[in-house]
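Colleague: If you're matching them up, the sequences are chains A and B in order. Sequence positions in the first sequence follow UniProt numbering and run 1 to 644. Sequence positions in the second sequence follow UniProt numbering and run 1 to 644.
Check each hint, because a few of them may be wrong.
[Claimed, not checked] In the BS3-like style, the derived pairs of lysine-lysine whose C-alpha atoms are separated by at most 25 Å in a straight line are:
id: 1; chain 1: A; residue 1: LYS611; chain 2: B; residue 2: LYS273
id: 2; chain 1: B; residue 1: LYS237; chain 2: B; residue 2: LYS257
id: 3; chain 1: B; residue 1: LYS150; chain 2: B; residue 2: LYS42
id: 4; chain 1: B; residue 1: LYS273; chain 2: A; residue 2: LYS273
No lab work stands behind these hints, which were simulated from the structure alone. Since the structure is predicted, the reported quantities are computational estimates derived from the model, not experimental observations.
Number of protein chains: 2
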Amino acid sequence: MKESWSSLDTFEPNFRPLVVIELAKSTKEETREWLTRRIADKKANGGAQLLVKPLVTEDGDQNIYLVGASHFRLLLGAETVGLVKECTDNSMRTFTYSSRKTFKGFADDNQSFLTMAECQYIIKHELENLRAKDEKIIPGYPQAKLYPGKSIVRRLLTNGILIQIFPLHDQEELKKLRHTWYGRVKIGYQPLDEIRCYFGETIALYFGFLEYFTFALVPMAVIGIPYYVFAWEDYDKYVMFATFNLLWSTVILEVWKRLCAVMTYRWGTLLMKRQFEEPRPGFHGVLGVNPVTGREEPVYSSIRRQLRIYLVSLPFVCLCLYFSLYVMMIYFDLEQWALDYHKENESNFSSLMLFVPSIIYAIVIEIMNRIYRYAAEFLTSWENHRLESSYQNHLILKVLVFNFLNCFASLFYIAFVLFDMKLLRQSLATLLITSQILNQFAEAFLPYWLQKRHKKRMKKKMYSQKTDTDLSLVEQVNLEKEMGTYFGTFDDYLELFLQFGYVSLFSCVYPLAAVFAVLNNITEIYSDALKMCRVYKRPFAEPTANIGVWQLAFETMSVISVVTNCILIGMSPQVNALFPDSKMDLILTVAFVEHMLLAMKFVMAFVIPDKPRDIQIKLARLEFESLEALKQQVRATDYKASSK
Amino acid sequence: MKESWSSLDTFEPNFRPLVVIELAKSTKEETREWLTRRIADKKANGGAQLLVKPLVTEDGDQNIYLVGASHFRLLLGAETVGLVKECTDNSMRTFTYSSRKTFKGFADDNQSFLTMAECQYIIKHELENLRAKDEKIIPGYPQAKLYPGKSIVRRLLTNGILIQIFPLHDQEELKKLRHTWYGRVKIGYQPLDEIRCYFGETIALYFGFLEYFTFALVPMAVIGIPYYVFAWEDYDKYVMFATFNLLWSTVILEVWKRLCAVMTYRWGTLLMKRQFEEPRPGFHGVLGVNPVTGREEPVYSSIRRQLRIYLVSLPFVCLCLYFSLYVMMIYFDLEQWALDYHKENESNFSSLMLFVPSIIYAIVIEIMNRIYRYAAEFLTSWENHRLESSYQNHLILKVLVFNFLNCFASLFYIAFVLFDMKLLRQSLATLLITSQILNQFAEAFLPYWLQKRHKKRMKKKMYSQKTDTDLSLVEQVNLEKEMGTYFGTFDDYLELFLQFGYVSLFSCVYPLAAVFAVLNNITEIYSDALKMCRVYKRPFAEPTANIGVWQLAFETMSVISVVTNCILIGMSPQVNALFPDSKMDLILTVAFVEHMLLAMKFVMAFVIPDKPRDIQIKLARLEFESLEALKQQVRATDYKASSK
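Construct the entire structure; sequences and hints are all you get.
Modeller: What follows is the structure, given as structure tokens:
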């Protein structure tokens with residue numbers, strides 16, 4: 001790999017390019033100079049104190065810069081972002097430069113103490129925290145206003161001068177990772193620690209959750225198979241399966257919290273202090289004083305945001321939900337009409353006509369989902385949230401509700417209005433399987449194929465026929481900058497969420513759903529891994545301690561599934577036969593059982609501790625130590641004062 | 001007040017007695033000397049560095065000691081316990097001795113910077129943290145073993161050498177407080193800040209909650225009155241009342257959290273760091289090493305505790321619940337028998353007999369409650385919890401479940417098994433009103449009367465006829481040490497909890513309950529205030545940031561009340577008349593409405609933020625400042641390192 005950097009190595013032997021900055025081709029010379037000077041400038045002068053080099057491509061353009069940093073600078077940055085690392089005594093502690101010798105694996109010449117993903121995260125953090133001092137505008141762009149304390153990179157991004165910042169892949173590391181991850185056929189766990197080192201905690205946690213969820217579904221799948229094989233129709237067996245399913249889903253969600261705590265403790269993010277969040281790039285408002293920081297920044301009244309949320313977004317979402325239901329009703333009418341038509345005519349044409357409504361509906365749903373997604377993004381952006389996290393939460397909530405309705409409304413209608421269990425089972429199976437196949441295709445294999453074709457063309461253009469690992473740096477950067485951007489784990493979690501819905505909402509009608517989910521997830525792991533390694537640009541690592549709002553989403557789904565399953569069991573003819581005289585007793589019994597199950601779920605969620613005991617003890621020990629340190633400090637003052 | 005301390009003032013002019021230590025009369029001279037020496041010894045030598053004086057009573061006994069501390073010592077103690085105080089710039093900050101000048105109202109000669117309750121809390125904390133160094137036993141008591149780090153005071157308490165430690169009343173302050181609190185008839189708020197200064201946060205928060213709860217019940221009471229006056233029986237009016245009630249109860253519990261945050265922010269406890277909890281006095285086990293502190297202390301396996309909880313306590317509680325239900329069934333049988341007997345005989349004797357079952361049942365319930373309380377305390381103590389907080393939570397849970405059943409089981413039976421709404425209304429009214437009257441009597445007036453009689457006798461014995469304020473210190477201590485001990489706010493909250501149950505569980509049947517609750521609570525404030533000021537020993541202040549497990553208990557009750565009210569409305573003849581053909585539609589509608597209400601409750605609890613915006617901003621500012629301070633520190637290292 002070294003040889004390819006030869007042009008750079010000549011003048012700075014230990015410059016290791018970590019992050020790529022791509023400017024617009026038309027960027028003025030003046031701006032380029034100012035930006036690189038600011039990035040390279042000393043901290044004391046308000047710079048980021050990073051190393052920055054232009055990447056000279058063959059056509060002589062100079063709009064791409066490589067950013068790196070000295071090992072010492074990275075260590076200081078690790079302290080600034082508050083990285084937590086393992087000490088020689090096996091405890092996890094916040095890294096500080098002065099205590100660096102106490103950390104495991106630290107040596108002044110050991111470049112691998114910080115993983116590459118951590119280094120890139122530090123550089124991203126430092127770049128984003130490069131702030132305007134007394135500049136009023138971006139040099140060369142009088143329309144791009146600055147004020148003291150404004151993040152320069154964010155202003156450059158919003159003004160289109162900066163096209164993108166992305167971290168570079170490390171071809172050798174990637175090759176190793178690919179090999180252990182999906183390169184060979186094997187039964188076993190994913191190399192989560194390696195994934196975390198390469199892609200960061202958010203993505204590692206997603207793959208961890210995917211793997212855990214797959215394993216957790218196995219018992220359901222195993223129990224579900226005989227129902228299909230022997231065509232069991234006994235009501236007590238279905239009740240047993242559903243009850244097991246409901247309690248199991250509570251248990252797995254609680255146990256996941258514990259596993260997640262174990263993993264993120266090992267990775268250090270469980271202990272990492274939340275950084276103060278800067279306004280997100282799209283946030284705008286009148287320049288005022290932030291009451292928290294006392295800094296000048298755009299301010300937007302929270303009441304106006306609330307008004308926008310409750311008076312515009314909420315009604316709009318409700319309208320969309322209503323519209324989606326309306327479309328569903330039209331679909332059912334069409335379906336009925338097609339059936340009637342087929343009954344009357346009994347021709348080849350009429351039997352073909354039977355499929356038309358389903359096809360139209362599937363297409364319309366897909367179109368609605370896409371349009372709604374844009375609308376949701378537009379609305380959430382218009383709500384003008386100050387924080388990226390709050391923007392994400394509002395967006396997730398909007399998309400989640402709509403997708404839930406779109407996916408499950410027809411099933412609810414079939415189950416609780418048409419009372420047609422056979423149709424329900426059939427629709428459930430069709431929806432689940434087709435959505436799984438389509439997803440895998442659209443999500444990984446299609447982009448992979450496109451990417452591969454693009455790469456070949458690129459290589460042809462450059463007249464070189466080397467394999468991946470001996471690409472020159474210029475080629476590598478040019479290839480990677482054209483790759484698609486991975487927009488976070490949202491869609492991946494959404495897919496799992498909907499799958500969880502298919503498995504648990506109507507589990508007592510279709511026990512085989514868990515089997516399909518398990519099969520899908522095994523290939524999903526491979527296709528998602530392929531997607532991360534081959535299709536998309538490397539994403540920046542994001543430290544995180546849990547799967548956030550998705551935990552709540554999954555828990556809500558498991559509460560809803562208690563209600564649906566109880567109703568389904570109550571409606572089954574076998575249960576109805578038990579109460580031949582009184583429908584009322586039946587309903588009351590079902591309602592009672594449902595309430596008991598819900599109560600049991602809450603008690604279980606309450607009784608199972610969120611963190612395993614050893615993690616609790618480790619956390620308590622750290623807290624105790626910091627309290628003791630405080631006391632020592634007090635005692636020192638104490639002696640001093642009393643000896644006066 | 002000063003004159004009464006004359007005997008002490010002669011040799012130490014600024015000794016202000018704050019806390020009283022009472023030793024057993026038989027305590028050996030050797031032990032007394034050792035203890036006082038340890039308390040007075042310098043911090044550097046492992047002492048508590050407090051001032052301690054024997055109180056010589058008239059009969060020459062020397063088993064009572066007064067403990068105080070210099071102003072300087074108290075300020076250092078305030079730093080140790082982590083008190084949070086207001087700064088001159090109106091922000092709340094953790095007090096440190098070195099930054100003392102930045103705090104509001106601080107002056108080196110201003111003794112009132114710390115409230116008396118805070119001073120007493122500091123002294124209690126310092127006494128409890130007085131630890132054995134190399135002593136193997138308590139001098140004079142070879143059976144009272146010590147090990148390095150063992151709290152001396154706790155060992156003295158468990159061995160019966162130390163009888164009690166309690167804080168002294170301040171007669172003048174108390175008189176002022178009594179006057180503003182309940183001395184004059186007035187409509188207005190309680191002086192919560194003064195109560196907090198005198199009794200500490202836990203008690204002030206109880207009175208704050210009591211007051212808030214009373215105000216919150218007023219709208220329900222106002223809406224409830226016309227139902228009684230005009231004898232409204234329209235179903236839609238009842239539904240409206242119940243719906244309002246259910247949503248209202250969610251709102252008030254959420255709003256309380258916000259108010260509580262406002263109050264505890266002002267008091268500084270919202271920001272106060274939780275101290276590391278020592279093992280509770282009764283905790284025992286094999287001497288081992290605490291994995292958190294690394295100190296030697298008794299260790300008890302958590303698995304054995306879990307076994308005791310789940311294999312002994314849980315079955316026992318279930319058995320008790322079953323037994324309580326069984327007794328209730330016997331009561332209903334007796335009631336029926338008495339009715340039949342009366343119908344047959346129609347004599348004076350038989351009409352008297354009608355009351356017998358109720359009286360017997362009331363007495364039996366009271367006896368069961370008391371026995372169960374002892375059993376619960378014994379069991380929870382036997383479960384051997386390491387922490388006082390965990391002991392309290394387990395005790396509260398046990399007592400709560402049993403009391404809930406005992407109070408409401410008969411009402412549930414009448415409502416949902418006998419379907420007798422008239423009897424339900426009647427029983428509810430009787431239970432509510434009699435329990436309120438009995439409680440107020442047994443809780444405050446009876447002890448007050450006993451206390452007054454005792455005081456008179458004491459005074460007579462001492463041949464003095466002075467009023468409270470000019471009691472000598474010796475007399476004051478002798479009076480106060482005989483007063484009853486206030487065992488915390490448990491029973492007071494329990495009373496409110498059960499009252500909340502009476503008001504909300506069957507609100508649609510008896511809207512007048514809220515009226516009685518409001519009336520009761522107004523007098524309750526006065527009787528509880530009287531109890532605190534006159535009847536009991538002054539309790540130690542306990543810093544707290546919320547009402548803890550009671551918030552959860554009240555929220556659970558409000559969830560249960562959704563279910564009960566929906567069923568009651570569903571059973572009402574008016575609603576039944578709406579569904580003349582199909583009972584099934586009725587039940588389904590009721591179940592649907594209930595689920596919607598529950599969902600609405602959860603959404604509301606989720607949407608209403610737990611802390612008001614300004615408190616959120618203040619907390620965020622503090623967090624931001626500490627992050628910035630950390631960065632400054634990093635930057636300092638940064639400069640230093642880069643200038644190398």
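Colleague: Now tell me if each hint is right for this structure.
Modeller: Checked hints:
| no. | hint | result |
| --- | --- | --- |
| 1 | LYS611(A) <-> LYS273(B) | holds (21 Å) |
| 2 | LYS237(B) <-> LYS257(B) | violated (30 Å) |
| 3 | LYS150(B) <-> LYS42(B) | holds (18 Å) |
| 4 | LYS273(B) <-> LYS273(A) | holds (16 Å) |
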